[in-house]
Amino acid sequence: MNRAMLLVLVLSLFIGGCTNPGQQGQAPTPAGEAAGEKQQIRFLAMEYDLNTRPFMQKIEEQFEAANPDVDLTIEVIDWNAGFQKLSTLISADNAPDLANIATLWLPELVALDVVEPLDDYVSDEMRERFIPKTLRGATYRGRLYGLPIAVSARALYCNARLLDAANAQPPADWDELLAVAQATTDHGAGVYGFGMQGDKVETDVYFYYFLWANGGQILNEDQTRATFNSPAGVEALQFMVDLIHKYKVTQPGTTAYDREGLQEMFKGGQLAMIITGPWFWGMLEEDVPDLEYQIAPIPARREQVTMAVTDNLIMFNSSDHKDAAWRFIEFFYDPELRLEWAETFGMLPELKEVAESDYITSSEQWSTFMSLLPDGRFVPLHPRWKQISQEIIDGVQEAQLQTKTPQQALDDAADRVNRILEETARAEAAGE
Amino acid sequence: MKRRDTLLAMILLAPSAALLIGIVFYPILRTFYASVCEVDRKGIPGRFGTLENFRAIFGSDVFVHDILPQTLIWTVVVVAGTLVISMFVAVALNEHLPGRRLMRAVVLLPWATALVISAAIFRWMLHPTQGPINGLLRSWGVDAPPAWLATPDLAFGSVIAVGIWVSIPFTATVLLAGLQAIPDDLYEAALIDGANAWQRFRMVTLPLLRPVLMIAVVLNVIYVFNSFPIIWTLTEGGPANQTHIIVTWLYRTAIWNREYGQGYAMAVLTFLFLMAFAITYTLVFGREEVERL
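Chains S and F, in that order, are what the protein sequence lines are. Using my numbering, the letters of the first sequence correspond one by one to residues 2 to 433. Using my numbering, the letters of the second sequence correspond one by one to residues 150 to 442.
Any given hint could be a false lead.
As the list claims (entries may be wrong) - Here are the simulated BS3-like cross-link-like pairs (lysine-lysine), alpha carbons at most 25 angstroms apart as the crow flies:
#, chain 1, residue 1, chain 2, residue 2
1, F, K191, S, K86
2, S, K405, S, K86
3, S, K86, S, K134
4, S, K405, S, K201
5, S, K249, S, K201
6, S, K387, F, K191
Stated by the list, open to error - One side only, chain F facing chain S, incomplete, derived with CB under 8 angstroms:
#, residue
7, Q279
8, P281
9, N283
10, P295
11, T300
12, A389
13, N390
14, A403
No wet-lab data here; the hints were simulated from the structure. On a predicted model such as this, the values are computed, not experimentally measured, just so you know. All C-beta atoms in this analysis are idealised placements derived from N, C-alpha and C, irrespective of residue type, glycine included.
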């Protein structure tokens, strides 16, 4: 008797331990459950910062109050775990109805055939409300797969005091960049003119700023060949390497510095100029309120450029309640809500109405970034972009370390990237 | 009665056995199986019976010319360095010195820290401008201390040094346990025979420590060969792939690039290599051990 009870207890513990407690209460019940017949929609929201959870909770309550027939669940999840989580949900046939994703993930998700194209949902009138550039990020192979939820661009941050001391203005082109960097560099004091990124994610982007400015492209139009090793690209990388090794106007040991490393040095007054995004002025004002800074366009050569980046709100084609999900999207692009979003997260607005609001136009920082957006370039949308960008990072690092010449480093990287492009084209040809 | 006990034992063991099969044996078998399949970009094995994954790994210049030699150097240097230093530490801790209990605790303490945290602390310590190591060097009059993780040679040296540092607590503790098992009378006898300290170490300590040393070598080789967090946290295998070892390269290949097939194949290679190493090592040194007795 006792033994039997023990057995039952042990077994029940074991079985209980096997079910996933994280899913309790969140697991979607199939549509059309008995109570009230509410339509259930789930939004997997990637976490921008600590404000994300309360913000999302508020949206959830507001939306449900306005749409009593819909039961909305917003699940906030860390960015780093986001793609893994989405992949898992998709392969378990349990995709959410909505998610905000990095644009970089889009081609891969489209290849899995899980994203609902929004062309038929977005009316001309609604499309008209968006700054056209911001819709480009989610336009892939001729279809609109999402709406921009977080827009950003990159600009040159200058330490105003260091530039003043050198009697310099923010540089407009490469020659001026070199001159200002030389004038502000003081090796004895540990102050360097230009912060050069050489480590981790977006190291390749530092190269793109110069490649694009020099009239180059990363890949050709139909994504069959790498073009970053063109003369424009080699010249761009050579210029970067010269800044490091010939003119010695960057921090030494560039390959040890990721974006955060550069930002920290800038905050410490050790760098006169770095290129980074709109989130940085908020950090400056909070961490080093005494530091005077200016925001300027990225130095040009043949062209004036910046990188534009968007995250996108997408709908999954497996959704049982696409109408309700679409109603949420319409609700989400309310100008007031989007302005609050921009204020809360330091993201550039995507709606014209928000961009024209006093809050944005009266702020020098906001308006500088907004004025750069039209020059924004997107990195190519390719299912294996992460791998391609990593190969380019390897090449940029080899050139920065001078283990290869810029020409050699880019040619080798182009070979590796071309192989990836060929494989992708072959796989797609076989799949269709 | 007896049969019922056996039955109960089996029932009680069943969950653990199921768990073990489910989370250890099944994944191993599946990895072996998937490594010879065509694998799609979701990681799901398709058509069976291809060596394409292995061919792709060995077709990569980086893997053959950088990753393999680096893995070898990393494993040999870290294990050798760890053993030598741990031996000194263990012998010192075995002496009847004041405060040795405290010292033993101090040596063991870093073991309780997660590797990622140790590595993150070292990443900060090695920081070119804000790190305390360069701060110290500057205060000693070194004008331009290096950016440790910026150049391939220094970065590889740094990850190896950190690798040794984190391996010492475990190894020193194992060796210390071995030392304590050696009876004091043997040393007394050696002393009476006129053996000096080095002779006592060579003729008494080393031979008697042999079984423990063997375990320390095998376990360290397995841990170090497979060690992911130190290199990943410090350098992510950079700059320019010059600090990657197989396991970090596997992560980049399988998880970043979603080349799951090649990831499976690398996992299989690692498994086979370590298995072969453990068997050979045990056969060679284990047999001597048996013969000596």
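Hints, verified against the model:
1. K191/F with K86/S: This hinted pair holds, its Cα atoms lying about 13 angstroms apart.
2. K405/S with K86/S: 39 angstroms, violated
3. K86/S with K134/S: 29 angstroms, violated
4. K405/S with K201/S: 19 angstroms, holds
5. K249/S with K201/S: 22 angstroms, holds
6. K387/S with K191/F: The given pair, whose Cα atoms are some 15 angstroms apart, holds under the 25 angstroms limit.
7. Q279: 7 angstroms, holds
8. P281: 15 angstroms, violated
9. N283: 10 angstroms, violated
10. P295: With a closest approach of 7 angstroms, the P295/F hint holds.
11. T300: 6 angstroms, holds
12. A389: 4 angstroms, holds
13. N390: 6 angstroms, holds
14. A403: 11 angstroms, violated
Comparing the model with each numbered hint stated earlier shows that hints 2, 3, 8, 9, 14 do not hold.
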